[in-house]
Amino acid sequence: MNTGAKILIVDDEKSIRRFLEVGLEGQGYKIFLAKNGKEGVKLAADNHPDLIVLDLGLPDISGLEVLTKIREVSATPVIVLTVQSSDKDKETLLDAGADDYMTKPFSMTELSARARVCLRHSGNLKDAPVFEQGPLKIDFVHRTVTVNGTPVKLTPTEFDLLKALARHSGRIITQQQLLKEIWGPASVEQSHYLRIYIGQLRRKLEKDPSLSGLILTEQGVGYRLNLP
Amino acid sequence: MSAQDEGRPDPDLLLKAVKQESTLERGGKLRVFFGMSAGVGKTYAMLEAAQALRKDGVDVAVGLVETHGRAETQALISGLEVLPLKNIEYRDKTFEELDLDAVLARRPEVALVDELAHTNIPGSRHAKRWQDVLEILDAGIDVYTSLNVQHLESRKEDVEMITGITVHETVPDSVLERASQIELVDITPGDLIERLNEGRIYLGEQAGLAAQNFFKTDKLTALRELSLRVTGEMVSNELKNLAALRPGADSLGTRERLMVAVSASPYSAQLIRAARRAAFSKEADWIAVNVDTGETSGETDKKRLAENLELARKLGAEVLTTADPDIVSALKRMARQHNITQIILGRPRGSWWKNTLQGGTLLDKFVAVSDIDIYVMRVHEVEGGRNNRQGPKRPAGDMFEPDEYLRTLAGMAGVTILGALLTGYIGYKSVGFVYLLAVMLTGLFYDLGPVLLAALLGAVGWNYFFIPPLYTFHINDTADIIMCAVYFVTALIMGSLTYRIRSRERLLRQREDRNETMYDIVEAIALSLSREECVMNLCGKLGAVLDGECAVLFRDARGDLAQMATPFKFWFWDHKKWAVAKWTYENDQPAGWSTETLAMSGTLNLPLKGPSGVSGVLAFLPRDRGRTLSRDESNLLNAVAAQMAVYLERESFRESSIETRKFKESERLHQTILNSISHEIKTPLTAIMGLSSALETEDIGGKPELRTQLLSELGVEVVRLNREINNILDMSRLSSGVLTLKREWNDMREVANACAVKLKREMSAHSLAIKIPEGLPFLKLDFSLFESALTNLLINAVNYTPEKSEIEISAEVAGDEFFLRVSDNGPGLPEEQLISVFEKFYRAPGSRVGGTGLGLSIAKSVVEAHGGRIAAKNRAGGGLEITVTLPVEKQPDINEEK
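Those sequence lines, one after another, are chains A and B. Throughout, this note's numbering is defined as the position within the first sequence, counted from one, plus 166. Throughout, this note's numbering is defined as the position within the second sequence, counted from one, plus 196.
Next up, chain B with everything else stripped away, as it sits in the complex (with noise of 0.2 Å):
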């Protein structure tokens, strides 16, 4: 390393601490008084802080403070806005909670909230008013709040270990590490305990012994070099992040990757917060792995699960989750592919003979694993700790059924009469061999507990039935004995060794139905031919799977979120589930059902987060509200917004870009149409012009002859300018791509009949002949479209050949498709013009005759429209032949007349 790189700031940290600040400047600054307990002034002295902006001239409003009646306090509050706060109806009661709305409505500079920490009453937008704080941060207010150490998520055990009192409301950690100040308000115990026998302190509705139990001068002690360390630890990681800044800051060397793994289990929620603790000491990354084995079970350890994750995630981790039977393999896969140096594990609590069993504890098998540092952590015993924890080793889906046990029962008893009837010619060892037959057959079909039933009925009947002496439990033979024995641990064995292959199978069959959902989804993405269709099958699907129903809310052109969903769904027309919606949308976070914001609506709603913002909500309504959200569905919704999300911005992409394709080719069209129209329509105009006036004069107006001629000369410039408009009108509507064609059945010899009609007059000077058989098929054509597709060959012939030329409309079919030819006899072009002919505005150079060179290239359009093509050729004979070549559909039953 040269003296250059050593003055170098860690690019990781560098970019962690610019990433702080952009996050800072963009919300607003969270400023918390801490302190070790209740009573210590926090709320005193943010008030008083609050004061002194006040008088600086800063804009600051009360959101929620609770004075608890003190006077000295209430006195601060006096000169300071106090907001109104919001009542809200709970079982019967009107509780007051904080105005989130009208905080965010009167957007002061800095807004006071008080007790952090403090869980709100059901039915107000978020669980919890640590969540509010965030959404008014969000917002760009500063706010100014308390928080007492107990909780502080990470600490809650060792609060609970101090001071032997159950914390419930709890602050993820991450919170207080986004304020850019933590204002320790301290006190010495003594003085706090001063303070408690004046009356001083408010301790909660249910003050009493255990609130006075809590202040001993031990436990302040205590708690209060908690709050010390933890104020310490942050202010030494503000430290650290401001001389990441700077160039010339110590290297921290290789970072630390922390690797937690969570389970069902109750401890697991210890272990997660010890490895939070020790990743913020370490300044480390760090990761929490569930791995899914298969073998979960009921919905306490489910809903568990859940909690310990989502602790997980609140307090950092990032959470990630693997499928795998085997845990050990799966964690060691993990911290591989995640550069894990530290593992953090639980010390083993099973019991002797069942570790034993399992070839070893967890810890056994990762002290085999030498480039990892593992660190064991003692946890505490917790309320219903190892026997509340529901069989752990039952396979997912499969909960306890008595049908099984009663079908080993009967099978067993079927195979003992086997056993009885085959007994004379195989003799009684044998009959073993059926026995094991059967258990083995029970562990293919069913769970451990009929497999271990099996065994013991085998053992048993084997004995009783057929080892001598008969109809007793008792052997006489040793031999006997010993195999009935070898029989036993056999089976056994065997049967858990069928169960195991079968759970295995069974893992890899739900992970297949998994990746099938995936493909699924991903298909109709891929299949779909708009945004609407796309949205359509998604929820389609997904709502059957997650037995509810799914729908989208766009964004609309004006960016708000759209008021109807996508399918159309009825229960978006109550507007309270549509606010939730749109407050999703509006806060780029998941709300409704399920989470802890507005958890009181039916609906669960995701936002549709592309890389350039929400492109909507998806919004999922459970059939059933009172279940909870698995993993695996969580999971599943994710990812299905994550790819629609995706999706959704590729296809906006897409629209703007065919718009910008659609802006060029207009523009250039627009450009060529100008040119043209200078030459080519003013040429009939001038004409016009020309003949009029001619016609004003007195020596030609007074020759009836003449003037007659001129008169029919002026009708054809007439008509042959109306044309050029009409043709330039197609096209500008043929290149738009919004023509939509009114395509019916119609039979080719009409179209070219009217064509021939309405060209009389252009066709005089020469002769068409209209060759097209009686009885060809029928297509579906845009008649007018089509007519002038025809009518633009034929006045290109007209324009191209000498008069007298013979025109000729012909046509056949061959196979499945149906030929069209205009052919003439006159000159023909050069062969490598017979292509160009279909371009816009070409013209045959050195054609004598006007057209804006348009009428060759909207022949095409249209028949390209039709799904046909065009080409020209030169007839063997002399003379461009132009053939059209259209597909021919399954014809229309025909109503024939009797």
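This is chain A alone, in the form it adopts within the complex (with noise of 0.2 Å):
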């Protein structure tokens, strides 16, 4: 199955290294252990994981200057680990360029899902013209989006919301970042217009029972598309 990935697992608590080492080489992963900070950049560094996995309060160096770090030199995808972080502190971290957060304690159920979703986005999935996945197709070029092959029809907001979702699959999109990059950096305080056109296409697509769930509230921080 997921032969060959190789993953970086920074955690200075040995019951946490142990379990994601048992539950991620189970699936196939190669897995390296760092069990602080130092250490972790510089397997990052020496190894070129396909996917790290960092914990944010380390002993030595904190996770975020880790993510710094590793961000400096590589664009390798990177799921923070925290326990009771505040909605700030986890948009500070995407800005810093992670590219999902999971909060203590998750399941492995939860983690292999994220894992999965981040290393398939590091293949050069942003410029495809088509996003084709489960029910849902949009066809970038065209502006056209079926559902099980039946036309939807989305207003030109509504469709760069969608697209916007579906460049991040599977991850998460912070509220800010949507609100730049559809309205424009003067509106990244005007919520209210995230709220109602991700009401819209709720409506929209997930009437088809096939798609509903399809747009994930993260609370407080942002959304994510779920497709099965």
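No false leads were mixed into what you were given.
Here are some of the chain B residues that sit facing chain A, going by a computed Cβ distance under 10 Å:
no. : residue
1   : Asn949
2   : Phe979
3   : Asp1089
These are computed hints drawn from the structure, not numbers from a lab. None of the values given here were measured: they were computed from a predicted structure. Note that beta-carbon positions come from the ideal geometry of N, C-alpha and C, so glycine has one too.
Please dock the two separately framed chains into a single complex, following the hints provided.
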């Protein structure tokens, strides 16, 4: 299945490293373990992992710092693990280049789903002219959307919103990112735009039972397109 | 009075003695070597005493001693530690002054500081050396110093009378009173003159005839007498103080209280000194009163008044100011209010006609007040006395205005033309009334000068143009002469009356303005939400009123003065300005511009002193450094500083009481959490432990269906444990009071749906219906917190209803309120529990399910943090309904797509 993909796990808790190692190895990934930030940065540089799972609370340097250091040299997807942190902290993480976050405690199933999405995205999906996943098909060139082959009529803004979500499919995209991308940098405070258009998109797309729960609200942070 | 009472000391005296003693205990002790003139050997005596101390092993250091090159004095210094002097550059010359900081840093037990009356070079910290000495004493260091009788503030005039030499350098009597020991260094005038002839007396740089003239036997004898008398008075006072401490001491009976009126008059200073002498010899308290009639004038007068008040303050008077256009009634009122027994007045000097015009002199008017003794003091002619006094009857703010005279002239010319037009109809006699009207109008708008001018012009004009024979100043008819004279007097009286009414009104208005400023300030304090906001407001207002900038430096957490001013002022980056503020903070005294301490600084610094110490410094930077601070401005600044200090103190009390309350609350919470954790958290943990150990056993782990079932139960327990922990964390965040909401426009449908998705597993045994119609207004919500509130409402419904119950979320808007309802068709609650369910750790009696009982309380806290409310009731058809009411705010602009 996921043969060959390399995952670096940076966490100072032995039990968590152990459970991630066992869980992910069982799915065929190759695992590297680091127990502090410095070691994490070094292993990331030496081994070129395909995905990094990074704990935020490390004993030597903060996870945010590790993230910044990694981002200086590579675009490897990073999933950050946090304990009870505020929405603001989560936004900061995502802005600093994290691809996704998970709040402890979490289950192995959740983590491996996120890991799959991140690994898939590291392939060059961004420039593909057509997005097709499950019943949903989006043609970026002709700006059309079909669900199970039935065309759905979207307004230009709704289409742009869906497009932004699809480009990040499976991963979280923050409110700020969405507002900036679709309404421009001056509108980052206008969260109600999102409420309106996300509402409209949901009404148009989620009425098809195969797409129920398509757009997930990540509390206080952003949205995630959730395709089977 | 019983025999017991008679032996009891006067409580006032006792208090005073105790106060003085405690001051002495706190600060260093002052020992003054006192003499009648230069050359009596004060410095010598002081050094001898220092040497004696040194032999006894006392740590003595010389701060500054003037030997004037005398070998015998010089010899006495040897063996004593001499601290370096401070070089101060002034006008391209270097001067040596006492290095105050060096003395404070060295901290000897006793410091020698010669010549207490010395005036420091500008650029020193204090204007006068005696201020340096006070600071040293305050630091707990004993000081030995020397002083001549001519430098004593209250004896200045006497000495000037005796010697004919003007004394410039004076020391307030209060400094001498602080001395714990006064040592009179006395030699006979004959011996002193002998010393002078031997050239053993240093006469200062301007030694010459004047000084030679000074050392005459008769003058020296008078000075000697004066110095003996001063020493005697001090000693007898000391005895009285001591006597007061002993039971059986004589009671002085009722205390005397003296009052002296202070004005801008150059004679005032003499009266103040006289009052001080009288008060001292009678052991009486005294007050100096200034009556603000609204009729003061130019800078010179203002300055002199400030000097006079300062003099009174220095000499130990309680200085009071009252506003009243009538001096006599104001003084009478003050005398009554302050139980004054004696009033000190100067002998009237005004001219006879002026006094008569004003209805008698101040003295005449006071004679009518029978229950108060009146002392009339003779005053000496003062340089620039009578004539130098600027017109005392000119209203404040009005200088000589040539404009007003010109306009009066033009107006009267106009009236004359009008009169010429009317005279044909009304006759020349009635024209006089038109003139009269014009004079009154002048009084209504202009000063007394223009009024007089108008009256004069009216008389002249009427006579010249209208009273026959025309165009002459001659009047034929006797009746006309009388009429013209009567007109003139009437015009004068009416004009000055209207003018007086107007100035009274102006005074009232000024007072009102002042009150308004104070009111503004009090309001600013009352309305401010935070300390910073309050200070910003006050400084803004004060800066505008005083024409400058204001800022406050607070005391920081460590008890030091903060580096950063509020509001931020760039000028505080100047280290010198900050150092002046720091001095004020540490010494609890005003410093800087317009004070006598560090006067070279551009800012005026006032300590914000409350009952429990100095909480900061109020600094004022005038736009124009050259001007002087008026009395009004100074009063205002002091009043604001006092208000601000009280406010800051109250604020810090309030903060600490909130702290205490939070602490108590958190302690209670802590205790309850502990109790709750021991029971509620351990329940899922027990289940987890049991389930996982069951899975380890062969006979269960081997059966696939059983294993899957147990694993799923394990998952449920883990999620439940996690939720309990999150609730505890949420609750502690909410009750800490530091939580800030991240409020954004949100759609309640979205919140409800997100909850439903999350709780799919927990609610699998119940049915959930979300009935929120589309198109309801957006709400400003913190999504995460609100989601947790709603989740808790739903979990609560699940926990307290049997399986298969129906749970419904519905919403509607009525007026400007949004109603969100979570209802179920379970058993509901007994009426008496409908309110207590929202309390922390409340759990319905007999509830069968786990939970810390925090859920509903969290929901309540969250809803209230959003400005809403929450209530529970039983539904008519059975089941519980919880209603959340939230305010609907003005909706955002919606960028609707075409």
